[in-house]
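The whole structure should be built from the sequences, with the hints applied where relevant.
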Amino acid sequence: MLETHIDQTLTAFFAGDRRAAARLMTAVENGGPAAEAVLEALYPKLTGAPRLGVTGPPGVGKSTLVDALARHHRGLDRRVGVVAVDPTSPFTGGAVLGDRVRMNDLATDPGVFIRSMATRGSLGGLARTSKEVVDVLEAFGHDLLIIETVGVGQTEMDIAGTADTTVVVLSPESGDSIQAMKAGLMEAADVLVVNKADRPGADQMVRTLEADLHMRPAADWTPPVIRTVASSGDGLADLTAAVDAHHRYLTGSGDLERRRHARVRVEILAVLRDRLWRRAQRDLTDHVPGWTEKVLAGEATPYTAARAMLAALIDDDPEDDE
Amino acid sequence: MDRAIRVLVAKAGLDGHDRGAKVVARALRDAGMEVIYTGLRQSPEMIAEAAVQEDVDAVGLSLLSGAHMTIFPEVLRLLREKGGDDILLTGGGCIGDEDMVELREQGVGELFGPGASTREIVDYIRDEVGRRRQLQENS
Ligand SMILES: Nc1nc2c(ncn2[C@@H]2O[C@H](COP(=O)(O)OP(=O)(O)O)[C@@H](O)[C@H]2O)c(=O)[nH]1
Ligand SMILES: [Mg+2]
Numbered sequence: 001m002l003e004t005h006i007d008q009t010l011t012a013f014f015a016g017d018r019r020a021a022a023r024l025m026t027a028v029e030n031g032g033p034a035a036e037a038v039l040e041a042l043y044p045k046l047t048g049a050p051r052l053g054v055t056g057p058p059g060v061g062k063s064t065l066v067d068a069l070a071r072h073h074r075g076l077d078r079r080v081g082v083v084a085v086d087p088t089s090p091f092t093g094g095a096v097l098g099d100r101v102r103m104n105d106l107a108t109d110p111g112v113f114i115r116s117m118a119t120r121g122s123l124g125g126l127a128r129t130s131k132e133v134v135d136v137l138e139a140f141g142h143d144l145l146i147i148e149t150v151g152v153g154q155t156e157m158d159i160a161g162t163a164d165t166t167v168v169v170l171s172p173e174s175g176d177s178i179q180a181m182k183a184g185l186m187e188a189a190d191v192l193v194v195n196k197a198d199r200p201g202a203d204q205m206v207r208t209l210e211a212d213l214h215m216r217p218a219a220d221w222t223p224p225v226i227r228t229v230a231s232s233g234d235g236l237a238d239l240t241a242a243v244d245a246h247h248r249y250l251t252g253s254g255d256l257e258r259r260r261h262a263r264v265r266v267e268i269l270a271v272l273r274d275r276l277w278r279r280a281q282r283d284l285t286d287h288v289p290g291w292t293e294k295v296l297a298g299e300a301t302p303y304t305a306a307r308a309m310l311a312a313l314i315d316d317d318p319e320d321d322e
Numbered sequence: 323m324d325r326a327i328r329v330l331v332a333k334a335g336l337d338g339h340d341r342g343a344k345v346v347a348r349a350l351r352d353a354g355m356e357v358i359y360t361g362l363r364q365s366p367e368m369i370a371e372a373a374v375q376e377d378v379d380a381v382g383l384s385l386l387s388g389a390h391m392t393i394f395p396e397v398l399r400l401l402r403e404k405g406g407d408d409i410l411l412t413g414g415g416c417i418g419d420e421d422m423v424e425l426r427e428q429g430v431g432e433l434f435g436p437g438a439s440t441r442e443i444v445d446y447i448r449d450e451v452g453r454r455r456q457l458q459e460n461s
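As given, the protein sequences belong to chains A and B, one line each in that order. Residue numbering for the first sequence follows this note's numbering, starting at 1 and increasing by one per position. Residue numbering for the second sequence follows this note's numbering, starting at 323 and increasing by one per position.
To be clear, the hints were calculated from the coordinates, so they are not data collected in a lab.
Which bits of chain A does chain B cover? Going by a derived footprint, with three or more residues having C-beta under 8 Å, they are:
1. 13 to 19
2. 24 to 31
3. 83 to 94
4. 98 to 106
5. 109 to 116
Backbone N, C-alpha and C fix where the C-beta goes; we use that ideal spot for every residue, glycine too.
What follows is the structure, encoded as structure tokens:
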């Protein structure tokens, strides 16, 4: 996006224009200087609205549950922003993002904004810029942010780092295949859900999960195990009560502060890394071939080369930046 | 910049299945595009609103019911109303030549009959979105 367009789009965004909000999300998702300009302008508008992560294996009913949760909060007149992330195909770079299929009831509700994202080469279930797209939704005035990601037991900590409360969803059908993923998924969970409780095996699964939780060292917060039928709404009240309880725990224990503290820290480092890298690419790329020759000729080592280039970068007048 | 092309694929109307739409969705994915798939029985309002929220480059509508002369113009009108006038609206179904011409005059893009190959559809969307992006950048 061009700079003049950014200013216009920001003005429209602050006036509540949904098309502008969507465009800013695209700018943020595509990264680079435009993304940074947008995020900087939005930063003062961040409200600290609760962020709920919903993760778990494919097909367990996450999207259906997100739909039910969003409708519950709409009933309480809260505006809900949803980011639904699905994997990019490593072979083609394309993706089919199908979470909206389960959220059709929300499709025309002006109090709901749903954005689908592809992971675009990011290894976790989260896209690299999911958090930033959620920032845009938050600055747009949503009272609750929900992030749906696919989780199979390895990278859920990503979402735990972005959400205040992480709900891990399983279903009786995922029974056996769950074994391998269980440790990772359970570590990420603040609340555990056994969805499709209308299917056989749900009770057994709840018991197993509770037994597993029992084996863990005592902690201030033990994830409750909730049974739901997302497609009918059964158990939804229990789920929202558990999420609320976790939020109260977070606030009361100071954990929320700590999590947000850690998040800001990560954010600063990420911006710094981005900026340094962009500057290095701009200012140093031309010098790499020369140093390569010197290293090959035995006049330098990769280490002296890197040190010299870094020194040149730091000595540059920072006012020159941009 | 070489950012991914985003396409909304939807099945409008009350009839039938979405096999055709799914085939197209997969073909677009295999061509490296990000496809937002919304499923069956989409109303024009749902389609236009989703297209705006997802900031897609193109909307691909599949419909069989013969309601094309109401649905395409209505989606187009809603897209314009919501500020999405730059979004390409294309699609397919059993649409007669005369109707195709009229819809194209109203601003709908190329429309594909039941015999069209996914290859044709993919190529068209890639080229047309590329052309529009180019225009935008030069404006
Ligand atoms: N029987 C049953 N089916 C469900 C339930 N929740 C979701 N489903 C179905 O499970 C399938 C996958 O749901 P979806 O929400 O797309 O799962 P996701 O991949 O985890 O997001 C769909 O066909 C849903 O209708 C439930 O509680 N019980
Ligand atoms: Mg889903």
